[in-house]
Amino acid sequence: MCGIAGFISHKYSKENGSRIKRAMVLQNERGNGLGAGYGAYGIFPVYKDFYAFQVMADSNWAIDEVTLYLKEHFWVAHKEEISIWDKVIQDHPQFMRYFLQPKLSSEDLNPDDFVIEKVMHINTAIDGAFVLSSGKNMGVFKGVGTPRDIYEFFRLDEYQGYCWIGHNRFPTNTPGWWGGAHPFNLLNWSIVHNGEISSYGINRRYLESNHYLCTLQTDTEVAAYLLDLLVRRHGLSIYDAITVLAPPYWSTIERETNLEARNRIIALKVTYESAMLNGPFAILAGFDKGIFSITDNTKLRPMVVGNAEGYTYFASEVSALYEMEENLAEVTTPRAGQPVIVYYHGEG
Amino acid sequence: MTVSVSKPGARATFRPLFDLNLCDGCGQCAIECTFNEIKMVPQGDKKIPVANLLACGACHRCEVMCPRNAIRIEENPLATRTHGIWTPHHIQRVHLQAASGSVALTGFGAETDLPVLWDKMLFNACQVTNPSIDPQREPMETITYLGRKPDKLSATKDFSQLVNNLIPLQIPIVFAPMSYGSINLNLQKAIARVAKKLGLLWYTGEGGLHKDLYPYADCAILQVASGRFGVSPEYLKLGRGYQIKIGQGAKPGIGGHLPGEKVLEGISETRMIPIYADAISPAPQHDIYSIEDLRLLIYAIKEANDYKPVCVKIAAVHNVAAIASGIVRAGADMVYIDGYRGGTGAAPNIIRDHVGIPIEIALAVVDQRLREERIRNQASLIVAGGFRNSADVMKAIALGADAVAIGTPVLIACGCHGCQRCSSGKCPWGLTTNEPSISERLDVDWAEERITNLITGWHHEMQEIMGLNGIYDIGSFRGNRLILRGIDLNEKELSILGIKYAGE
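Just so you know, the protein sequences line up as chains U and R, in that order. Mapping of the first sequence onto our numbering: residues 992 to 1339, in sequence order. Mapping of the second sequence onto our numbering: residues 127 to 630, in sequence order.
A portion of the hints provided could be inaccurate.
To be verified - Restraint-style ranges between C-beta atoms, simulated for each label pair: (1) Asp1279/U x Asp419/R: 49 to 55 Å; (2) Pro1239/U x Ala628/R: 34 to 40 Å; (3) Glu498/R x Asp1148/U: 56 to 62 Å; (4) Asp260/R x Asp1049/U: 17 to 23 Å; (5) Gly1024/U x Asp260/R: 30 to 36 Å; (6) Thr1323/U x Ala426/R: 35 to 41 Å; (7) Glu1321/U x Leu248/R: 45 to 51 Å.
Hints in this document: simulated from the structure, not taken from any laboratory. For glycine and all other residues, C-beta sits at the position ideal for the given N, C-alpha and C.
Put together the whole structure using the sequences plus the hints.
What follows is the structure, given as structure tokens:
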């Protein structure tokens, strides 16, 4: 059991994290204090064209190693300690933030692939160091604690974003540790997830053959990597990528009378069989163009959606929607397997 | 003076025991026994059955057919002095060959007691943190598409052409190639009917396609093997797909031989050879001496029929991963791997039991290799060789197989008790014989029902195994090796299988 909340301003109106905090604190009982986290988009306007690396490290040595490594491969526009309030949590790793521009050589054609390779290197090769997030104009803040602890620890009152997601964890299959809290991030993809991905074994093998390394000891990271592979590298639309991750039942596909639509779903399902997610899950994902939610075909994990003027809200519980916005125009419960996708209107 | 002693070895390993209190002397057992083990002899005012003790192989036909349940088969052990090396088994084999001077032939799959790794792998199950799914309440889907899939889809691809070139299976089980000749038309027809009815596939083996089975060609993979039996322009258009046979698990590296006396009218016509002519399938295909030759044949077949899927069947041998990789790169849409324990209608005993590697290992290394080379999507993986039940099937799917082929379980479903005398032409169950008086014993409708029941039962069990793992679509089970844990396996075996030890 875990708790999820998130909201998006369709027109890029910014605010601090207080509303997402309220939604998460309300759902406190969905976690057990062993993990909580937040993702925020639009928070680094000054450096919005730079990759913002938020790095966690358990020693000065690891921080130095990461800094050396990043300086070797990137132009470091700015480097700072992530400000924390350590009265809340005394036992914690160190956090650094870097704004980076890749030093591309002629054979590195794609800067995003370059960044992923460097993230994977830090996560696997530098002992004790993990990249919490690596997107542009966004950041992930997470750790071991309750939603209130983590919010206050990272001083999220001080950030202004137009899309926020939050997560509250009740870890079961893997240990509660700072890197294992949600959201999981790669580039601009951030995922919060309630449930368990029973297909993890094959998802991971599929990703590894595509050069994504799963290092965070938890199943949710595969969702972030799969989205990156499908949308950015294979060029699928968000809708097609969602069809791959959570396809309809075969029995539903057989009822589809439009042959072209039917073959499209079949092609997606069989080509990307190893990328399909199975098991009980509700996922909320932020990305550069918006936010979306999906659930498994049996809907074994909850997800509710609320709409108000200019905003869409997502949460595990209806009460959390109202905690974010008292005057909701409507509250809907997506059917099992039905995705909800919200794009920003215009340019930010 | 020369004394001819032909007796050693001429001795049955089993014998029928008759309960004369139950027996009414009807003589059915003597009729059923095609090996003339039983004769009826007069005793008083009735006849009683007597065993010759020369030929009983434990086919159990007489026992099953006895209307009074008066027969029991038991072992007829050769009580030799206990010896660690010279067991009765080996002594009898030497006796037999000393009498015959020929290669000892057998049927069925390898009978050695090498470890079966399926038995050392256990499934996971959901408890608390993730719910299992009840297949009685929720959809539990096993649909599988065989064939070549692209590595990625762009938004503008022609999806219909892609889908039409694939072969859908309702259950990832196919019927292994058993040729018309090695089995009779009745059995092949029953298999074909079940494949069509349940949405599966059947393979013809190298015996051509009998005209009576043309209505079932759309769910058949027709074989092109080294003898090219039955291959005609029409044949190359009829099938749902084609299979090039390179090797067979029970006899890797050697050919096949259907003796002339078995080449009766129907077989002669279907194989396109004269009546009573030996049907010899040479060891290598005489136009394939390297991988590029294979590529030529794959594309020659594709050119003949608008690029239907082509499957290449090989035996599991030491270097199987590299071979499979080459086959995929040569253009095959399916790779069919037949393991060490794969069955046969006739193979030299010594080859069946001593050549090749088990399918568990072959499957694990091939699937991993194809994934590492990022060509796994380009071909489906069909595995065969000693699958006994639905758990074996699901373990193979979890290791990475797209589908599992079964042959022996089909025979057993139709009465076979594993007497291993398939090549004798006397199969008392009317399965591996074309002798009209015996093959008529197999009723097509009955066989169809038995095979349907078997597959249906396995399918239910497969759905249970998926559901208890919280997985509703077999696609998420496939290649998901975290579902399996090893027990009583060493580090090397675990690493080859790509699974963790129990408790990890």
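Structure-based check of each hint:
no., hint, in the structure
1, Asp1279/U x Asp419/R: 49 to 55 Å, "holds (51 Å)"
2, Pro1239/U x Ala628/R: 34 to 40 Å, "holds (36 Å)"
3, Glu498/R x Asp1148/U: 56 to 62 Å, "violated (48 Å)"
4, Asp260/R x Asp1049/U: 17 to 23 Å, "violated (44 Å)"
5, Gly1024/U x Asp260/R: 30 to 36 Å, "holds (33 Å)"
6, Thr1323/U x Ala426/R: 35 to 41 Å, "violated (58 Å)"
7, Glu1321/U x Leu248/R: 45 to 51 Å, "holds (49 Å)"
This entry does not satisfy hints 3, 4, 6, going by the numbered hints stated previously.
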